[in-house]
Amino acid sequence: MQEFAEFESLLERPLDQKNVEFQRQGRLKHLISASQLTIPLLEKLCHSADMIRKMNRNPSGNQRLRQLLAHKRAMLYFTQPSTRTFLSFMAACQILGLTCNEVRDPKTSSEVKRESRMDSIRMFSSYFDVIIMRSQIGNFAECCAYLMNDLENQERRSVPIVNAGAGSDEHPTQALLDMYTIIRTFDFDQSSAERASRLDQLREQYPGLTPGPAGKTYAFVGDIGRGRTVRSLATVLAQYPDVRMFFVSPDHEVLNLDAELKDYLKRSGVMVEEFQSLDAEFNGQSLLGQVDCLYMTRIQREHNSEQAESEIAAIDLEPFRLTVERVAQLKTYTPILHPFPRDSVVGEIPTEIDSDSRAMYFRQARNGMWARAALLVHLFDAADTLYLAYRDVMPARG
Amino acid sequence: MQEFAEFESLLERPLDQKNVEFQRQGRLKHLISASQLTIPLLEKLCHSADMIRKMNRNPSGNQRLRQLLAHKRAMLYFTQPSTRTFLSFMAACQILGLTCNEVRDPKTSSEVKRESRMDSIRMFSSYFDVIIMRSQIGNFAECCAYLMNDLENQERRSVPIVNAGAGSDEHPTQALLDMYTIIRTFDFDQSSAERASRLDQLREQYPGLTPGPAGKTYAFVGDIGRGRTVRSLATVLAQYPDVRMFFVSPDHEVLNLDAELKDYLKRSGVMVEEFQSLDAEFNGQSLLGQVDCLYMTRIQREHNSEQAESEIAAIDLEPFRLTVERVAQLKTYTPILHPFPRDSVVGEIPTEIDSDSRAMYFRQARNGMWARAALLVHLFDAADTLYLAYRDVMPARG
Amino acid sequence: MQEFAEFESLLERPLDQKNVEFQRQGRLKHLISASQLTIPLLEKLCHSADMIRKMNRNPSGNQRLRQLLAHKRAMLYFTQPSTRTFLSFMAACQILGLTCNEVRDPKTSSEVKRESRMDSIRMFSSYFDVIIMRSQIGNFAECCAYLMNDLENQERRSVPIVNAGAGSDEHPTQALLDMYTIIRTFDFDQSSAERASRLDQLREQYPGLTPGPAGKTYAFVGDIGRGRTVRSLATVLAQYPDVRMFFVSPDHEVLNLDAELKDYLKRSGVMVEEFQSLDAEFNGQSLLGQVDCLYMTRIQREHNSEQAESEIAAIDLEPFRLTVERVAQLKTYTPILHPFPRDSVVGEIPTEIDSDSRAMYFRQARNGMWARAALLVHLFDAADTLYLAYRDVMPARG
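Chains as they are written, first to last, in this note's numbering: chain B, 1110 to 1507; chain V, 1110 to 1507; chain H, 1110 to 1507.
Derived from the structure by calculation, the hints contain no laboratory data. Keep in mind that the hints are not guaranteed to be accurate.
Identical copies carry no separate label here, and so any pair may be met within one copy or between two of them.
[To be verified] In silico DMTMM-like links for lysine to aspartate or glutamate, alpha-carbon gap of 25 angstroms or less:
hint, residue 1, residue 2
1, Lys1222, Glu1211
2, Lys1138, Asp1125
3, Lys1163, Asp1490
4, Lys1216, Glu1411
5, Lys1153, Glu1415
6, Lys1216, Asp1425
7, Lys1153, Asp1372
8, Lys1216, Glu1418
Since this is a predicted model, take the numbers as computed values, not measurements.
My request is simple: use the sequences and hints to build the entire structure.
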């Protein structure tokens, strides 16, 4: 099977059935959907990301990292424009020594020559060892994964496919880096003897506080209806027990939590609440004071229809903007996250918040490098080699 | 001499006279024309390509390869769009550790500032160690080679020039990779004890079969008149004894074998036959059953004049398309080649052929990396170093 | 402070006050303005550039160089088109093993999403270790340096900013490479025993000749009024004692030496003279015969207003063009420099001059690599490591 159309019949199957085909003996062959990010896999990937991050600070560490995948070549096929995700993947590749190649112009010469998309991808797989792709064509990454699986079955050359955010679909590596940031934050740095007391200290003020993503309240603010990062992250978080989610968005059908996601979350045991302002109360107390993790988003303009555009333009966005006063209501440890870019005109996070210790969005972006590097290590089955290198170069800790 | 116009007088000289200037003591200084690919040179390059290919599979091998030219920097000057050739050269450079730089926009800032083309090229030669170029200006690569020779004569800095397919001229590195694929195929893997019997086995069915490109029948199908890859490859193959060539194309003046090439081939001792269908017979037997190597091509649309376009559009292309039935007539070892991209609308090779063991076009593309890497090793006079590294890291074979 | 507008208030301060903020204990944190290039710093950078240049010729030397900054990643943010400066920085990074990333399209996807410029830069600083920038926005690099300083003060991640020639401002790395070329030339290779006699030989003909940039006559020819390279270089040279400068340009207000620069040079003790032809005399002798260094420039067309364009088009440029006869009047050691590109239509330096031993403009371009590499080594505080590597790998000299 080589034609795009032939693969499309496979797309309609349930996720569970499809995800089996994207793994091999418990390890990912391709990352297509955030639903592949199970808790055990997240733990593995975050552990690798931590090792990579720490090794990178150390001269022998970063040298060993650069040797880890130096024999591999990556193709970054980004025909849908994206500066941030593209550069994050580039940096992740470079940390591990992978050489990078890119195709960014949707009108490549071969398309002019009427080459099929599948031939282009198979050509890339002839030259490169992994294809990281963002395309405007929904499900293109998934179809490419099926092509690679077919080739593998024919004992021909096949390479891993990474979905770097296709169309309006999910954005699984964004969910991965968000989860890495959340897990790092809620780890409260227990590994370090000195910081163990940080959790103890916090417990003096917040007695019920436990480490880990379970048992926490997450607030998602802004463009809930269309933000694929919200959809992907909420789905992943729903795997943890005792999770509560607050969705704070203007009351407009394209911006609200959609029924399907709401239903899915409830069936997964999440307690879901919806609000129309950051100043809302819940159980008689300020919403913001009850949040363990605040996930801000930008109202997307580039996907709006003309009618929606004018309706949304009429909405007062003040209730969905952070202010110094609103931030002051948050718990002292609550991270403020944002998938970025933020809208400098709307100002959902004004720059005056940037120096607050809870502003984690730039660190979150930087975490994207470590998380994506960890994913590449996993896809190339190099986690053991990484661990051995880590043990070699990192000083033992007391 | 620094002006483009001044070099043009040199272009009209016979190939023999020009090729002498592109070499030094039997080694290429520049690769400008497929006519430089003599049989002894092809043997050297294919031997290097084989070593590179095998070393690349081995962890210490690919590490040694990446050190081989790590001190060199390449400029890929591709102002004529080309995804496939560009990426193949990128990958070849990366295998050898060469760092890559690119200029792909024909409107570089310096041209706006009225810099001469020759100054641009000399500027690149100040920063980089080899210039790999594809330009819409016919003979530009050749003129650059003359500039470099002039600089060398003045004891100034000079670097190798590689023609990566200029204008409608020849495409010498395509001919090189095609020849590498043909030589590999007709080697019948004699080096391996196990496979030696493959040639013996084949001889049971095809008693006259000998190893090597000599004494074989090559069929070229499709756009014979304008395909520069056909022109380059046929010219190179014409050096081997007892070669027969079948040209299968629609009966249209722009698509037919042109008189000049036909004449050249005949003078070189090639037996030339022309056909208007893949179902034609020769000597009372099916054409396809007599072919040792089938070279398919795409009818080029992007170079057509308006009149030719409408005439060609009216041609029935069915007789020039592969089908499962036609492939079944081929000998069991006959490789199906295609310089790619193939036309997904015309379908000269439908995707259902891809899983046939004779479909070699994706492997042919991958061979481009090894062959181009071998060329770079040759241009930098590193073949001996390659051989020593190969002996070091590869296990001896029985 | 995160908004572009907020930084603008800082721009109006005197250079002395600003430059203090771009350094740390005598070492540059950022390179924003040519006024930061003090004589002691130039000596350090030129010494490093010399070591890099010599090491690069030696196999173990270039290998050690490629390890020097292999743990660093550079962002080349070139939203103002520039082929030459871009490639020179790329090559400089590659010599030192720095991995390169680029943003060249001024319309990046994030700007479409209304990301502020400062957020983009901070995002780059999350992923990369130095930002080398050329933007059409005047003073953008300077504002970015302030942003980085703010982050450093908050103990957040901060990286060096390099101004690669913003808008019509200064072009400090061009001044650096020009100075490196001048210092190398007027060193008369005294380090080598053999060449010490070159200075002695020259002194037979030019008795007063001394090594170093001091006490020399510099002629600047062509577009004096708008050439930012002339402005930057003249300012730097003005620090040396006993310097004389001849400015040779058409008598037009946009092309002449402007009053502000003239005033600055005079206050710095430079003897300034202006001429309207290369054939002019000074003190009764030919101007060209008195020049120690001849700096040619191109009349810039791309910045002209329509009126200036037509006025300048009417000027006879013959008196500002080099000819074989004019070059013959120069001292035998006088280097001919040009920041390039040269104008192939006007021909301020015809190609027939290229083979003259005084034609140093291509070597000057190549010096840009060594000088920019030295700057990167300095910014990452790796000059000592460079020196140790140099001592290790270079054979001692008698």
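Now for the hints, and whether the structure bears them out:
1. Lys1222 x Glu1211: Classified as both; 20 angstroms inside a copy, 23 angstroms across copies.
2. Lys1138 x Asp1125: Cα proximity of Lys1138 and Asp1125: one copy only (15 angstroms, versus 53 angstroms across).
3. Lys1163 x Asp1490: Both: 20 angstroms inside a chain and 22 angstroms across chains, each within 25 angstroms.
4. Lys1216 x Glu1411: both (21 angstroms within a copy, 14 angstroms between copies)
5. Lys1153 x Glu1415: Cα proximity of Lys1153 and Glu1415: none, with 44 angstroms in one copy and 60 angstroms across.
6. Lys1216 x Asp1425: neither (40 angstroms within a copy, 28 angstroms between copies)
7. Lys1153 x Asp1372: Neither way: Lys1153 and Asp1372 sit 29 angstroms apart in one copy and 66 angstroms across, limit 25 angstroms.
8. Lys1216 x Glu1418: Only across copies: Lys1216 and Glu1418 sit 22 angstroms apart there, 29 angstroms inside one copy, limit 25 angstroms.
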